[in-house]
Structure formats: structure tokens, C-alpha cells
Amino acid sequence: MRIIPFLVAAACTVGSVVLFNTQLPVGGSKTPRLGYFLSPQHGFWQNAEPLNASFNNDIKLEGLEGKVDVFMDDRLVPHIYADNDKDAYYVQGYLHAKFRLWQMEFQTHVAGGRLSEIVGPERIKTDQFFRRLGMVYGAEKTQADVEKNNPEMKAAIDAYAKGVNAYIKSLKPEQIPFEYKLLDYQPEEWTSKKTYLFQMFMSYDLTARGATTDLQMSNARNYFGYEDFDRLFTNLQDSLDPIIPKGTVYNQPSIVPKAPADMELAYLKKNTGSTTASAPVVPEKGNGSNNWAVAGSKTKSGRPILCNDPHLGLNLPSLWYEVQITTPTHSTYGASFPGSPAVIIGFNDSIAWGVTNAGRDVIDYYDMKFRDSTLQEYWYNGAWVKAGVRREVIKVKGGPDQVENIAMTNYGPVMYDHTYKNNSTEGKNLALRWTAHDGGSGLLAFYLLNRAHNYDDYLKAISNWNSTGQNFVFASKTGDIAIKQQASFVARWNRQGDFILPGTDSNYAWQGMIPAEENPMIRNPARGFVSSANQQSTDTTYPYYLGAAGNFPLYRGIIINRKLNEMNNITPEDMQRLQTDNYNVFAEMARPVLLKYINESALNGDERKYIDLLKNWNLKNDLSEKGSTVFNVIWDSVETAMWSDEFSGSTYAMGWPDEYVLLQSLIKDSLYKFADNIATANKKETVAETIMAGIKKATQYLAGVDRNGKLEWARFKDTRVLHLLKINGLSSLHLPIGGGRHIINATTENHGPSWRMIVHMTDDIEAYGVYPGGQHGNPGSRYYDAFIESWATGKYYRILFMNRQDAPTNKQVKWLMTFTKA
Amino acid sequence: MKFVASIILTGLLAYVFGLFTTLPWWSFLVSSFVVATAIHQKPGFAFLSGFLGVFILWISIAYLKDIVNGHILSVKVAEILPLGGSYIMLILVTGFIGGLVSGLAALTASFLRKA
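Top to bottom, those sequences are chains A and B. For the first sequence, the working numbering begins at 150 and goes up steadily by one. For the second sequence, the working numbering begins at 17 and goes up steadily by one.
Hints in this document: simulated from the structure, not taken from any laboratory. Built from N, CA and C at the ideal position, the CB exists for glycine as well. Hints may contain errors.
Stretch by stretch, here's where chain A covers chain B in the computed footprint (C-beta under 8 Å, at least three residues) [claimed, not checked]:
(1) 54 to 61
(2) 75 to 82
(3) 109 to 116
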């Protein structure tokens with residue numbers, strides 16, 4: 150034996166194994182364990198699904214009561230036929246896991262503040278934020294309420310969890326989804342709690358912008374003083390076309406919220422001290438959506454048509470998963486959330502429904518005064534009150550646990566305190582009051598909508614919806630259309646909660662929740678349609694304060710209502726064209742204002758070129774339009790010229806005023822105060838000068854864009870559907886799609902229509918749908934991103950909605966999975 | 017003859033070990049070591065046959081998986097790693113890593129016995 154070479158070789162062998170068995174740091178991230186990841190029998194090669202993969206299967210599951218047949222169609226949409234409801238949700242859970250396991254676990258890890266557990270210390274900040282926001286707390290409360298009050302809902306969620314776990318248990322080590330191998334961790338058991346965490350995830354995305362903007366608004370108020378603040382962030386929207394038509398008469402409110410007597414000095418105009426606190430993930434401002442229903446009086450067939458396209462972050466795997474669920478109690482088709490049972494947006498054989506975000510303010514900060522830094526007692530109505538404490542333990546991969554001890558007040562968790570360092574909330578203890586912490590009936594509203602037959606069922610179903618305010622649109626085969634804004638909404642006095650509220654005095658607390666029957670709603674209006682696009686739901690005669698107007702995008706609602714008013718003899722094809730319409734009504738209003746202030750004789754060659762492009766633009770954000778790019782760049786530059794001088798004086802985040810503020814100010818006020826560049830001490834700039842300054846900046850920028858060949862709108866906007874891990878290789882980039890902000894086709898860079906659905910309420914329902922993703926979450930499957938091209942080019946799939954007896958012979962059905970009792 | 021037999025045996029046993037996916041990916045290290053002990057060769061040949069046994073096995077499986085998959089996944093992974101999106105490079109790197117570990121194990125075994 151040659152001892153030294155032997156030892157050297159042995160060391161090299163061990164060394165190579167260790168090297169290829171370790172996640173190596175590269176740049177800011179880590180590689181997979183390369184040996185494992187590349188091993189063809191263990192690693193990612195196993196996830197390379199054959200193009201001609203078969204999904205036929207006979208599966209035996211413990212705990213199934215009857216028999217379930219699942220017919221998979223050519224788009225890999227499962228059509229579930231079950232003997233009973235519980236079995237249907239059991240199998241839905243199994244299928245969600247089979248096609249989307251990694252995603253559903255990852256999203257609930259985000260919601261539950263558990264990213265550091267799988268990624269490492271670099272995600273502690275995100276986890277702390279979500280824990281302190283009370284995400285787990287809220288999920289636990291809803292779970293407790295549902296388990297106590299809604300046995301049917303509980304049974305569905307539990308059956309669903311069983312299905313997910315049945316799939317997880319069936320997995321061999323080499324079959325776990327791709328991303329587990331990439332990040333090097335293992336799937337864990339699914340629990341019902343995760344369904345509630347997922348609901349919190351959606352609540353955060355749709356209602357918790359206020360956790361950031363309330364701080365920014367407070368900063369802006371402190372910096373500018375209330376008078377100027379109220380001009381810059383005005384709640385008046387001149388061109389508002391609300392969800393409930395103007396002039397609708399509202400009943401006397403049952404609650405009349407009373408502003409405290411000292412409100413002006415102690416709240417509205419008080420400088421509370423600014424903060425730089427900000428969320429690691431701020432929900433998109435554009436989180437919105439369109440929905441509408443047209444009555445039979447306006448359609449060619451004489452039957453209603455319902456349309457919905459929820460605008461959310463565009464991700465792979467998609468948030469949505471199409472499914473048909475048929476049991477003896479109901480037959481429903483639509484988009485479901487991997488992580489939750491039932492269908493969220495869809496239709497059954499009697500009715501159709503859809504949702505858009507209500508945007509109402511349901512989240513506030515209260516400034517608490519604690520006796521000392523132990524946070525055990527706080528001052529409330531002139532006495533010391535004992536605070537609770539909630540302990541949240543964040544596990545960290547490759548590091549010690551991070552423990553959060555969160556003081557709990559009568560408002561809710563103390564989000565910011567001296568332990569949650571943000572160098573900013575100095576000395577402040579900010580408690581969060583958020584309706585998502587109030588428990589409630591969870592997904593019961595959707596569970597009942599799946600089974601609704603008519604308008605009354607619809608109303609009853611959605612009355613259970615208490616979190617995440619939504620505009621529920623409705624249409625039935627019998628000819629009803631309706632829309633209702635539903636959730637538990639706070640009965641607010643004017644501007645209550647737009648800024649940090651005093652926490653020592655119960656007069657500033659919420660004074661009640663608006664009863665469901667007083668929520669804005671309308672049924673079968675004379676104009677023959679209902680619609681919503683996240684605008685303010687009512688005009689100012691509605692007796693409750695809706696929240697700061699900046700929460701409500703204005704322009705999509707205007708164009709949708711204008712078009713629907715003009716349309717008659719409507720067909721589903723017309724509705725497809727409307728959902729994908731690229732007309733820019735904001736530019737229609739803003740372009741003449743800009744042009745009015747331009748002195749054309751003073752333009753140089755380049756400037757003239759771009760102004761000509763702007764003038765000759767057809768106002769459509771179509772993919773090849775250059776005018777659209779020019780308009781957007783010029784508008785942004787004018788905004789910058791208008792605001793940057795005022796806002797750059799403060800180091801605190803404030804957020805700029807919304808576009809409607811600038812537009813309506815320019816329309817009304819040619820001597821607009823904020824046009825002056827305050828950086829130039831001895832000169833007072835006019836509106837025209839400021840706009841010209843913006844155009845000069847824009848021209849320089851546009852020339853660069855032009856040189857790179859990116860002046861065409863789609864190239865400039867560069868829409869992409871990003872993998873949840875933001876890895877380009879797993880994403881779909883540079884998509885050829887128009888649209889944008891304020892456009893019905895609300896597709897921006899990484900945000901937009903996440904599911905387009907059109908349902909024609911004919912005897913045999915005629916429905917169309919498409920989403921930017923695919924049914925299979927596996928990046929190694931041909932079904933991973935199969936719909937993206939159709940989605941980008943505005944094409945739809947005719948939805949297959951079948952009876953059980955037709956399924957075996959339907960030509961679009963490709964595979965059959967049968968589930969029987971083990 | 018010994019050389020070719022070692023390659024075949026190394027690959028075959030590595031494949032069999034690989035079927036037990038609850039075992040770690042590097043389990044073939046044991047079989048490669050045993051093969052190289054049983055069929056003694058000079059260190060250079062031992063390394064090469066150990067290397068080639070698993071190299072050929074791994075690129076073959078990867079290639080077969082990749083062909084039926086139409087390169088969908090390999091191209092994505094080859095962008096992440098990053099190998100410029102080349103599935104051929106990815107298959108070669110795959111084979112190289114398996115081959116290297118196997119070859120080193122075989123080399124170690126060859127030093128175990130006096131030449």
C-alpha cells in the first residue's frame with residue numbers, strides 16, 4: 150500500500166464529495182448542492198417531464214369515502230367528479246399538491262414569516278415584518294372562528310389538507326418539485342392552518358398597503374403641514390365615475406362616526422414626528438382589477454355576460470389553477486388558489502361571479518404610550534392597562550433563532566417598538582389595527598358562491614365575507630346582474646386613519662363596523678350593466694368615509710363605463726376585445742393639457758420629433774405604439790419636475806401625489822403653486838416653464854431609449870412573468886403585450902390581468918378564460934407556461950364545462966385519474 | 017479488457033445504487049471503490065475507468081431525460097448555473113461531477129494495493 154498517495158487520494162475523494170454536497174456561496178446567493186442537484190437519479194433531471202407524459206393513473210387513498218374520477222383535458226385542467234363534497238376537496242388538495250406543491254408551501258412560508266428557515270439569515274427582516282404584522286395571529290384567529298362556527302367549511306379545509314398530505318406522502322425523494330432541490334430543503338406536512346395563512350397572504354397583498362402608506366402620509370403631513378398636504382393629496386377626484394352611479398340615494402347610516410373634539414389639534418394637524426419605516430414587500434399600488442356584468446338587454450343573446458380580470462403580480466407558477474368540481478350538490482368551474490379548497494372566481498350551472506379589490510382602508514396605526522421599555526403597560530383613557538405578549542420564534546437556516554416578543558394591545562400587535570429597530574420610529578410604539586386580525590368565517594363566502602343558484606344565494610354567500618374588501622360582481626342565467634362591495638368596513642369619520650392615530654384615547658378608536666346591508670350595492674340598474682375597477686365605490690353622498698382617495702385608481706372605471714354605455718348587442722367576442730382594450734383615457738385627458746402649455750416655436754429638433762409623435766399618437770397603448778412611450782416618459786418627467794423639488798427636502802419617505810392630482814390641478818389652475826421650483830430662490834417658475842423643463846429631460850431620455858431601439862411601447866415596458874424566486878431562467882421575459890396603468894388591459898412591467906374570464910349565461914354556459922402561466926408548476930413541464938403566449942396576444946381558451954356522462958367521450962379529454970378508497 | 021470491464025461494472029453498480037434514492041447521491045463512491053479494488057489497475061487507468069463509468073452513466077441518463085423533455089428544463093437550468101443556456105454543457109458538467117467523484121474513489125482504491 151502506498152500510504153501517502155492513498156491518503157491524498159482518499160482526502161480528494163472526500164473533499165470532492167463535500168464540495169459537491171455543499172451549497173456554495175456565489176454572489177449574494179447560494180448554489181444548489183451540485184452533486185445532488187445534477188445527479189440524474191436524484192436531482193433536477195428527474196423533474197424533466199417527458200413531452201408526451203401520461204397523466205392516467207389509478208390512485209388509492211386512505212380516508213376517501215367514495216369514488217372520484219378526474220378527467221384531465223388537453224390544457225391539463227382537471228374535471229373532478231366526486232360522490233360527495235368532502236371527497237372532491239380531498240382530491241382538489243391532492244391535485245393542487247401534485248401540480249403546485251412547492252408554490253403553495255412557499256407562499257404560506259412567506260405569509261407565516263418562515264423564509265429564513267429555508268433560505269437563511271438574509272430573509273430575517275422579511276420574516277420579522279410579517280410576524281410583527283400579526284400574519285400568524287390573524288390566521289390563528291380565523292381558524293379558531295371557522296372551527297367553532299362553520300363545521301362545513303372546516304370539513305372542506307381539513308379534507309383538502311388530507312389530500313395535500315396524501316400526495317406529499319406518495320412522493321419518492323427524487324420526485325420532489327424542482328425548487329426544493331434548487332434551494333435544498335424538503336416539503337413538510339400540510340396543515341389546515343396553512344389555508345388560513347394563505348388567506349392572510351391575500352389580505353396582506355390586497356389591504357395592507359396602508360401599513361406603509363399611513364406612515365408615508367403622516368410624514369408628508371408633518372413635512373408640508375395639513376393645508377398643503379390636503380392640496381397635494383386631495384381626496385377630491387373631479388372625474389370620478391363611481392361603481393354605484395352618481396345620484397344614487399343612500400339610506401340614513403346606522404352609525405354616525407363622530408370625530409373627537411380635539412381632532413384638529415391632536416390628530417389632523419399635529420406633527421407626530423416622522424419615520425423611515427417601510428415594509429420589505431409593499432403591496433402593489435396597482436393591485437386592482439376589472440369586473441363587469443352586462444344585462445340581457447345589452448347582449449345579442451339576451452342573456453347576461455359576466456367578465457372579470459383580477460390584476461395582481463404576474464408570477465410563475467401562477468397564483469391561479471383552473472379546476473372543475475362536480476359533486477351531487479354543485480358543479481362549478483373557475484380559478485382556484487393552490488392552498489385553498491373550492492373555486493375563487495368562476496361560475497356554476499346557474500350563476501357566475503367575480504371580484505375586484507375594494508381598496509377601502511381597513512388598516513391603521515395607533516401611537517401607544519408605554520410605561521417603560523418592558524412594554525407591559527400602556528396608557529389608555531387615563532389609566533395604565535396591562536398589555537399581552539405574543540412570542541414568535543423565527544427559525545433560521547444556519548443561524549440561531551430570532552425571537553420576537555410582540556406586545557399586544559386592545560388595538561392589536563405593536564408592530565414597531567424599540568426592539569424592532571428601524572432607526573426611525575424612534576421612541577414610538579405603533580400598534581396595528583387591521584381587520585385581518587378579526588377572525589371571521591374565512592372562505593365560507595366562496596364555498597357558498599360555488600353552490601349558489603340565484604341572487605339571494607349570492608347575497609347570503611357574500612355576507613360572510615368580512616376581510617379583504619371586494620367588489621363581488623354577479624350574473625345569473627335567470628337574467629339578474631348585480632355588484633356589491635363587501636367586507637367588514639370601518640365606519641370612519643373624515644380622514645380617520647389616514648395618518649397615525651393617537652393610541653391613548655378611545656375616542657380615536659374605530660367606532661363600529663358598517664352593517665353589510667349598508668355596503669354599496671346595485672342590482673339590475675337601468676343602464677344595463679354593473680362594473681368596478683377599484684375606483685371609489687360611491688360619490689360623496691355615501692354617509693361613510695371610504696379612505697384616502699389615493700387608494701382608488703380613477704381612470705379604468707371611466708373608460709369601462711364609457712365603453713359599456715356605448716355598447717349594445719354585445720357578444721363574448723366583444724367582451725374579449727374590451728378586456729384586452731389598450732385605449733388610454735388618462736392620456737386622452739392629459740395630452741391636451743400638456744400640449745396647451747408647450748411653446749412649439751421654442752422646441753429644438755429632437756424635442757419637436759417627440760412632441761410630434763405625441764401629437765400623432767392614437768392614444769392606444771398598443772405594443773408597437775411609440776407615442777405611448779413618449780407620453781409616459783414625458784408625463785413622468787413633468788411629475789418629477791413638478792414634485793421633486795418639494796419632496797426632496799425631506800429624508801423621510803412620503804410618496805408622490807397621484808396622477809389625478811397633478812392632472813386636475815393643471816386643468817384647473819394655470820398658476821399652480823407647486824410648479825415653482827423651490828430650489829431656485831429668486832425665480833418663480835410657471836406651469837409652462839416646469840412642463841418645458843420636464844420635456845427637455847424627457848427628450849434626453851427618449852433619445853437614449855430610441856438609440857437602443859426600445860421606443861415601441863411593448864419593448865419599452867418589457868412585461869415579464871417572474872418566477873416566485875425572481876430567477877430569470879425560470880421566468881417568461883420580454884412579452885409582446887401592450888396595455889399599462891390606467892388601461893383596461895392593465896398589464897405593466899410585472900403586474901396585470903392574472904386571470905381573464907368571460908362567462909355568457911346561456912343554457913349551456915359559454916365561458917372563456919386565460920391566465921399568464923400554465924397548469925403545471927414544474928418548470929420542467931411543457932404545461933408550465935403554456936398559456937402565456939395566448940394571454941399576451943389577447944387570445945382566450947373556450948372553457949370545457951362538462952357533465953359527468955359526457956366526460957369519457959369528450960375529444961378534449963386526454964387522461965383519466967381515478968381515486969378510490971385504499 | 018480489465019479497463020473496459022471496470023468501466024462497465026462501475027457504471028452498472030452506480031446505476032443500481034442510484035435506484036435507492038433514499039441513499040445519498042454519492043453512494044456510488046462505495047461501489048466504484050469496490051470495483052477498483054476487485055479489478056486492480058494502475059492508478060491512472062483506475063481513475064480513468066472509475067471516471068468514465070459514472071461519467072458515461074450520468075450523461076446517458078441525463079441525455080435520455082433531456083431528449084424526451086425537449087430540453088425544456090435543461091435550458092432553464094443551464095441559464096441558472098450559469099452555462100449560457102447550453103444543455104450540452106449542462107450534460108457534460110453533470111457527467112464530469114459524477115465522474116470525478118467516482119474516479120477519485122477508484123484512484124484511492126488503486127493505491128490501496130501495491131502496484
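Check each numbered hint against the structure and report the violated ones by number, ascending.
-> 1
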